[in-house]
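Line by line, the protein sequences are chains A and B. Going by my numbering, 209 is the number at position 67 of the first sequence; the sequence numbering is gapless. Going by my numbering, 84 is the number at position 51 of the second sequence; the sequence numbering is gapless.
Be aware that one or more of the hints could be misleading.
Label-pair restraints from in silico Cβ distances [claimed, not checked]:
# : chain 1 : residue 1 : chain 2 : residue 2 : range
1 : A       : V155      : B       : E77       : 26 to 36 Å
2 : B       : N103      : A       : Q144      : 47 to 57 Å
3 : B       : E100      : A       : T162      : 40 to 50 Å
Hints in this document: simulated from the structure, not taken from any laboratory. Yeah, the Cβ is synthetic: ideal placement off N, Cα and C, and Gly gets one too.
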Amino acid sequence: AQKVTQAQTEISVVEKEDVTLDCVYETRDTTYYLFWYKQPPSGELVFLIRRNSFDEQNEISGRYSWNFQKSTSSFNFTITASQVVDSAVYFCALYNGGSQGNLIFGKGTKLSVKP
Amino acid sequence: ETGVTQTPRHLVMGMTNKKSLKCEQHLGHNAMYWYKQSAKKPLELMFVYSLEERVENNSVPSRFSPECPNSSHLFLHLHTLQPEDSALYLCASSQARFGSLSGANVLTFGAGSRLTVL
Chain A
143 AQKVTQAQTE ISVVEKEDVT LDCVYETRDT TYYLFWYKQP PSGELVFLIR RNSFDEQNEI
203 SGRYSWNFQK STSSFNFTIT ASQVVDSAVY FCALYNGGSQ GNLIFGKGTK LSVKP
Chain B
34 ETGVTQTPRH LVMGMTNKKS LKCEQHLGHN AMYWYKQSAK KPLELMFVYS LEERVENNSV
94 PSRFSPECPN SSHLFLHLHT LQPEDSALYL CASSQARFGS LSGANVLTFG AGSRLTVL
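All chains should be built: construct the whole structure from the sequences, respecting the hints.
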């Protein structure tokens, strides 16, 4: 079975704090993609990153960084020096193509960054 | 106009009404999707059209009826809905055909249509 678990339902931090959003996934496939999306109050999901299963190199994009560890089936997302504009719901997702071809989403983590 | 556009953004309807949600993408993508987002539940895939052909229907009740007249437009026709159908309905598109693991399967989402069924 394929599954994505985001154990943190809500996180609240004060501006400038660092925050890590956890994502644990389950799949039996060796080839798959992992994603993070951001959903601000306006509603649309905004793509943040895609990582394929053969690339375990961590990625940094400005204040955002991602830690992919196949050994623990985790793909965690860290925001450094958080800002109020980072307040949103963040979704981790798994995609394996094939006959399923469905993007499996976690339930999301609501991040509130207070000034 | 770019991206994925959904109309209306908000819709309130009675259980006996018939209404439609519209989605339009201007990205030249080959696949379009309807997702349902309910409170405290993961996003649920409802329908997928790949190259204008429906390829996925995750056992969605027949009171939801999709239509994809061309590669840029997707509709969700609603009739005799139930209050539990109240949710945010998100449309998305992707460059890659549904089911391909080409790496081009990033979904671009619209802002959603917030549906309330009374």
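These are the hints, each one checked on the structure:
The hinted range of 26 to 36 Å is satisfied by V155 of chain A and E77 of chain B, whose Cβ atoms lie roughly 29 Å apart. For N103 of chain B and Q144 of chain A, the hinted distance range of 47 to 57 Å is not satisfied, since their beta carbons lie about 32 Å from each other. Range check, E100 of chain B to T162 of chain A: Cβ separation about 43 Å, and the 40 to 50 Å hint holds.
The structure fails hint 2 only (numbered hints given earlier).
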